[in-house]
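> Spelled out from the first residue to the last, the chains are:
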Amino acid sequence: MTPGSFVALSMILFVIGAVGVLVRRNAMVIFMCVELMLNAVNLAFVAFARLHANLDGQVIAFFVMVVAAAEVVVGLAILMAIFRARRSASVDEANLLKY
Amino acid sequence: MSGVLAAGQATSAGASVTFWVLAVISVAAGLGMVLARRAVHCAVLLAVVMLSLAVLYAVAGAPFLAFVQIIVYTGAVLMLFLFVLMIVGVSARDSMRETIAGQRLAAGVAGIGLLVLLSLIVGHAAIGPAAPPSPQYGTNNLRGLATLIFTRYVFPFEVTAALLITAALGAMVLAHRERTTPKPTQRELSQQRVSGAHPSPLPGPGVFARHNAVDFPALLPDGTPAPLSVSPVLARERGSSAAQLPPGGGTGDDEGAAGRPQIAGAEPEEARP
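Those protein sequence lines, which keep their order, are chains E and W. So for the first sequence, the working numbering puts the first residue at 1; every next one is plus one. So for the second sequence, the working numbering puts the first residue at 1; every next one is plus one.
No lab work stands behind these hints, which were simulated from the structure alone. One or more of the hints may lead you astray.
To be verified - Going by beta-carbon spacing under 7 Å, a handful of chain E positions derived as facing chain W:
no., residue
1, Gly4
2, Leu9
3, Leu22
4, Arg50
5, Val64
6, Val66
7, Leu76
8, Met80
Unchecked claim - Sample of chain W residues with no beta-carbon within 12 Å of chain E, all distances over it, derived:
no., residue
9, Arg187
10, Glu188
11, Pro199
12, Gly204
13, Ala213
As the list claims (entries may be wrong) - With beta-carbon atoms standing in for the labels, derived distance ranges:
no., chain 1, residue 1, chain 2, residue 2, range
14, E, Ala81, W, Pro199, 33 to 39 Å
15, E, Asp56, W, His211, 53 to 59 Å
16, W, Leu120, E, Ala81, 38 to 44 Å
17, W, Gly128, E, Ala85, 49 to 55 Å
18, W, Phe150, E, Ala85, 42 to 48 Å
19, W, Val27, E, Ala85, 35 to 41 Å
From the three backbone atoms N, C-alpha and C, an ideal C-beta is built for every residue, glycine too.
Can you build the whole structure from these sequences, using the hints too?
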């Protein structure tokens with residue numbers, strides 16, 4: 001169980017999140033996949049902090065968590081506003097600017 | 001000395017077991033999150049991923065981050081997700097209809113490509129064993145992090161405060177809804193209440209039935225199930241209880257406007273395949 005295995009796990013989780021963002025069309029689920037990607041990156045930060053015996057990586061991961069929380073709050077508020085206007089949470093339904 | 005070494009090896013063996021178990025769990029939950037059709041299932045599976053990552057942080061020598069992960073992510077962010085899901089509609093499913101032809105295939109290919117690319121990068125990097133544990137890890141982790149945050153990273157930390165306040169204000173502004181109709185008075189509310197077909201309260205679910213679950217329709221005195229006793233969302237969602245409703249009895253959708261307050265999640269569903 002070296003830091004390398006942590007990095008490999010974080011890589012796999014990141015790819016899963018990226019595929020989820022591409023495949024899913026419910027905006028909520030897309031948000032969750034973005035959260036999964038952020039978590040994967042945090043895991044890589046923690047692994048590298050462990051690798052170098054340096055706490056800077058953990059501080060960065062902490063800041064990533066803060067920014068992710070702010071992002072989720074604003075994103076979900078936007079989602080609610082869109083839902084009120086369009087009665088749908090699907091990213092395909094927000095097509096008023098199309099054509 | 002040998003006892004200390006043996007203890008160190010035992011903890012590292014336990015750490016590897018923890019790592020592999022949690023790695024399998026988190027990857028499986030992540031895959032399930034991408035594949036699950038209901039948004040609520042996705043949220044719960046994401047909670048599994050986040051909790052296992054929290055334990056992994058603790059294993060990797062970041063106990064503070066482990067607790068922040070549980071408190072902030074699992075406790076706050078995911079609960080926010082669930083609350084908004086309840087507003088936006090629990091019953092919303094992803095439609096399986098592809099709007100862009102071949103999007104899934106392209107996404108799968110792109111995902112495999114990204115995985116190969118990242119594996120090549122990680123494989124080429126020489127990631128050695130972890131550095132010898134320094135006093136910054138373990139019980140002194142909090143002190144070390146606090147020193148860093150309040151000395152070297154104090155300016156980003158202050159900027160974070162501004163970011164959080166901006167985010168909170170933005171969320172309040174975005175989620176705020178101006179009242180466009182006058183607030184109904186008590187008199188109007190009482191008139192609405194008795195104007196429908198059901199001036200009395202609707203029957204509760206499960207009354208005189210075999211179960212008292214909320215999705216189980218109550219039985220009327222003549223033994224027939226009362227479709228009005230089940231929330232339209234549940235009656236539509238649960239195939240079992242919908243099957244027990246009499247055919248043509250409806251799920252209370254038409255009477256719902258009169259007697260039952262509209263549930264926010266009862267919007268028309270997306271097109272099913």
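> Regarding the hint that Gly4/E lies at the interface with chain W, is the smallest CB-CB distance below 7 Å?
Holds, because the Cβ-Cβ distance from Gly4/E to chain W comes to roughly 4 Å (cut-off 7 Å).
> Please verify that the nearest CB of chain E lies beyond 12 Å from Ala213/W's CB.
Its Cβ never comes within 12 Å of chain E, the nearest being 26 Å, so this holds.
> Holds or violated: the hint that Met80/E contacts chain W, with Cβ atoms closer than 7 Å.
holds, 5 Å
> Hold the hint about Leu22/E up to the distance rule: shortest CB distance to chain W must be less than 7 Å.
holds, 4 Å
> Is it true that the C-beta distance of Phe150/W to Ala85/E lies inside 42 to 48 Å, as the hint says?
holds, 44 Å
> For the hint 35 to 41 Å, verify it against the beta carbon of Val27/W and that of Ala85/E.
holds, 37 Å
> Evaluate the given range 49 to 55 Å for the C-beta pair formed by Gly128/W and Ala85/E.
Because 54 Å falls inside the window, the suggested range holds.
> Just to be sure I understand the hint, the distance between the Cβ atoms of Leu120/W and Ala81/E should be within 38 to 44 Å; is that true here?
holds, 42 Å
> Say whether it holds or is violated: Glu188/W keeps its Cβ farther than 12 Å from all Cβ of chain E.
holds, 23 Å
> Taking 33 to 39 Å as the stated bounds, is the beta-carbon spacing between Ala81/E and Pro199/W within them?
The hinted range 33 to 39 Å holds for Ala81/E and Pro199/W, with Cβ atoms some 36 Å apart.
> Checking a non-interface call: every C-beta of chain E should be farther than 12 Å from the C-beta of Arg187/W. Is that right?
At about 28 Å from chain E, Arg187/W clears the 12 Å cut-off, so the statement holds.
> Regarding the hint that Leu76/E lies at the interface with chain W, is the smallest CB-CB distance below 7 Å?
holds, 5 Å
Hint 5 from the earlier list is the only one contradicted by this structure; the remaining hints agree with it.
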